[in-house]
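Residues per chain are reported as follows:
There are 2 protein chains.
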Amino acid sequence: MTPPSPTTRPENAPPAQEAVVDLLGVLAYGCLSGFSRMAVDAELAPALPVKTAIAAMAVTEFHHYEVLADRLDRLGVSHDEAMAPFVAAIDSFHDRTHPSDWLEGLVKAYVSDGIGRDFYSEIATYVDPQTRAFVTRVLADAGQAQFVVDTVRAVVDADQRTASRLALWGRRLVGEAIQQAQQVAVARESLTALLVGGWGSGADIAELGRMFARITQAHTERMKRLGLTA
Amino acid sequence: MTPPSPTTRPENAPPAQEAVVDLLGVLAYGCLSGFSRMAVDAELAPALPVKTAIAAMAVTEFHHYEVLADRLDRLGVSHDEAMAPFVAAIDSFHDRTHPSDWLEGLVKAYVSDGIGRDFYSEIATYVDPQTRAFVTRVLADAGQAQFVVDTVRAVVDADQRTASRLALWGRRLVGEAIQQAQQVAVARESLTALLVGGWGSGADIAELGRMFARITQAHTERMKRLGLTA
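Chains F and R, in that order, give the protein sequences. Numbering of the first sequence is given in this note's numbering, commencing with residue 1 and proceeding in unit increments. Numbering of the second sequence is given in this note's numbering, commencing with residue 1 and proceeding in unit increments.
Among these hints, one or two may not hold up.
When chains are identical, the list treats them as one kind, so a pair holds in a single copy or across two.
Claimed, not checked - List of simulated lysine to any residue pairs, SDA-like, C-alpha gap at most 20 Å: (1) Lys-51 / Val-186; (2) Lys-51 / Asp-80; (3) Lys-224 / Val-40; (4) Lys-224 / Thr-60; (5) Lys-224 / Ala-187; (6) Lys-51 / Pro-129; (7) Lys-224 / Arg-96; (8) Lys-51 / Ala-89; (9) Lys-224 / Tyr-120; (10) Lys-51 / Val-67; (11) Lys-51 / Asp-73; (12) Lys-224 / Asp-73; (13) Lys-51 / Ser-78; (14) Lys-51 / Asp-91; (15) Lys-51 / Arg-132; (16) Lys-51 / Lys-224; (17) Lys-51 / Ser-190; (18) Lys-51 / His-63; (19) Lys-51 / Glu-221; (20) Lys-51 / Glu-81; (21) Lys-51 / Val-40; (22) Lys-51 / Glu-207; (23) Lys-224 / Pro-129; (24) Lys-51 / Ala-133.
Calculated from the structure, these hints are not laboratory results.
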């Protein structure tokens, strides 16, 4: 099913500006908290090369945050206020998924980055083309994911016990991530309207379900790339 | 006393290259660990604006690290190996100075950044002009210190009890920093030779003492700028 173009949004949908601010706000706080957690997780790394690679990923997240905050400021919106509604859900995700070692940290960085990217891309389908193009640019992978894939594969290909543990970890991550994403989507009227508004009543919940099915499927493929069963 | 120019280094001094690698190595790890600790400390901040300001300071440290690592690589030296001898001393400093709240974190960022800058600048006096100019560029304050000064002053000017606590914290920081800096200077033959080699025997220890006196004096002035007694 091809999602409708933004021009088909129903008249009772919230102002487009509000949805754009919510999208940029949740994305900005996702990047900011991603920075913080990855910077902390980098400390778990056993050696300097891995530590600095994770730190570099964290710094990339921070620069994404800066670009998003700047965009919000240019829209005349306080970026702190735009992020505020999403702090609890995103912090809750991180609080419930503390990695116990550097490998779990790497898998979390890769998996949650991927899920976040999919989720935001789905939302971005329904905003104006300029915002959509902007979000797509910000979300573009800087090639750092390959480092995670190579590093994790090298370990799990040689160690079945670690592979099992990380596979379990991946399942927990996707469960927690989708639970928080659902809360975010449902708690913010503007995002809900954005996501379900285009289909008219009846198809709403079904389409939301399909969206999360697509995100879960993409997650399964990412886990395979890590050499893990989802 | 004007330090001698690099050309007066005694013949029994270690190869200049070794001292340069040590200087860039200790500086690189100082920045890398500064990044990690500040990113962690940012989490202590009570509100998003302070949190992101501290995170931005952390990211600046990481970019300094990148520039230094790149310079080492261009010299044909593994930056990880160049940093390795200094990991224990710098980690020890951080482990002994965990801030208990965001204000202590801010004061630590400002104070240890300042002491580090002074210490590295002193060492840089004795290396080749290109390295010296490079280190000076890397160490240039990006204007972030003013944010710390303004934020801390606003709190301590209104709260004498916090001012006393932070003054005590500042004294602990400078004590720990100088202790670790002395260990670094003494443990690395090339740095010791660099620092004391220029003065000939006899003046060595006295000049080292004067260097640490200069660093302590600069620290006192920084504390005053924060509105604190050193």
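Now for the hints, and whether the structure bears them out:
1. Lys-51 / Val-186: For Lys-51 and Val-186, the Cα distance exceeds 20 Å both inside one copy (37 Å) and across copies (27 Å).
2. Lys-51 / Asp-80: between (29 Å within a copy, 11 Å between copies)
3. Lys-224 / Val-40: Answer is neither; intra-copy 26 Å and inter-copy 32 Å both fail.
4. Lys-224 / Thr-60: neither (25 Å within a copy, 36 Å between copies)
5. Lys-224 / Ala-187: neither (32 Å within a copy, 48 Å between copies)
6. Lys-51 / Pro-129: Neither way: Lys-51 and Pro-129 sit 38 Å apart in one copy and 32 Å across, limit 20 Å.
7. Lys-224 / Arg-96: Neither way: Lys-224 and Arg-96 sit 24 Å apart in one copy and 42 Å across, limit 20 Å.
8. Lys-51 / Ala-89: For Lys-51 and Ala-89, the Cα distance is within 20 Å only across copies (18 Å; inside one copy 27 Å).
9. Lys-224 / Tyr-120: neither (22 Å within a copy, 47 Å between copies)
10. Lys-51 / Val-67: Close across copies (17 Å), not inside one copy (25 Å); limit 20 Å.
11. Lys-51 / Asp-73: Result: close only across copies, 18 Å inter versus 33 Å intra.
12. Lys-224 / Asp-73: neither (39 Å within a copy, 35 Å between copies)
13. Lys-51 / Ser-78: between (33 Å within a copy, 15 Å between copies)
14. Lys-51 / Asp-91: Answer is between; shortest inter-copy Cα gap is 14 Å, intra-copy 23 Å.
15. Lys-51 / Arg-132: neither (33 Å within a copy, 28 Å between copies)
16. Lys-51 / Lys-224: neither (24 Å within a copy, 36 Å between copies)
17. Lys-51 / Ser-190: For Lys-51 and Ser-190, neither the intra-copy (39 Å) nor the inter-copy (27 Å) Cα distance is at most 20 Å.
18. Lys-51 / His-63: both (19 Å within a copy, 15 Å between copies)
19. Lys-51 / Glu-221: neither (26 Å within a copy, 35 Å between copies)
20. Lys-51 / Glu-81: between (33 Å within a copy, 14 Å between copies)
21. Lys-51 / Val-40: Both, since 10 Å and 14 Å are each at most 20 Å.
22. Lys-51 / Glu-207: Neither: 41 Å inside a chain and 37 Å across chains, both beyond 20 Å.
23. Lys-224 / Pro-129: For Lys-224 and Pro-129, neither the intra-copy (33 Å) nor the inter-copy (52 Å) Cα distance is at most 20 Å.
24. Lys-51 / Ala-133: Intra 32 Å, inter 29 Å, cutoff 20 Å: neither.
Of the numbered hints given earlier, the model fails hints 1, 3, 4, 5, 6, 7, 9, 12, 15, 16, 17, 19, 22, 23, 24; all others are met.
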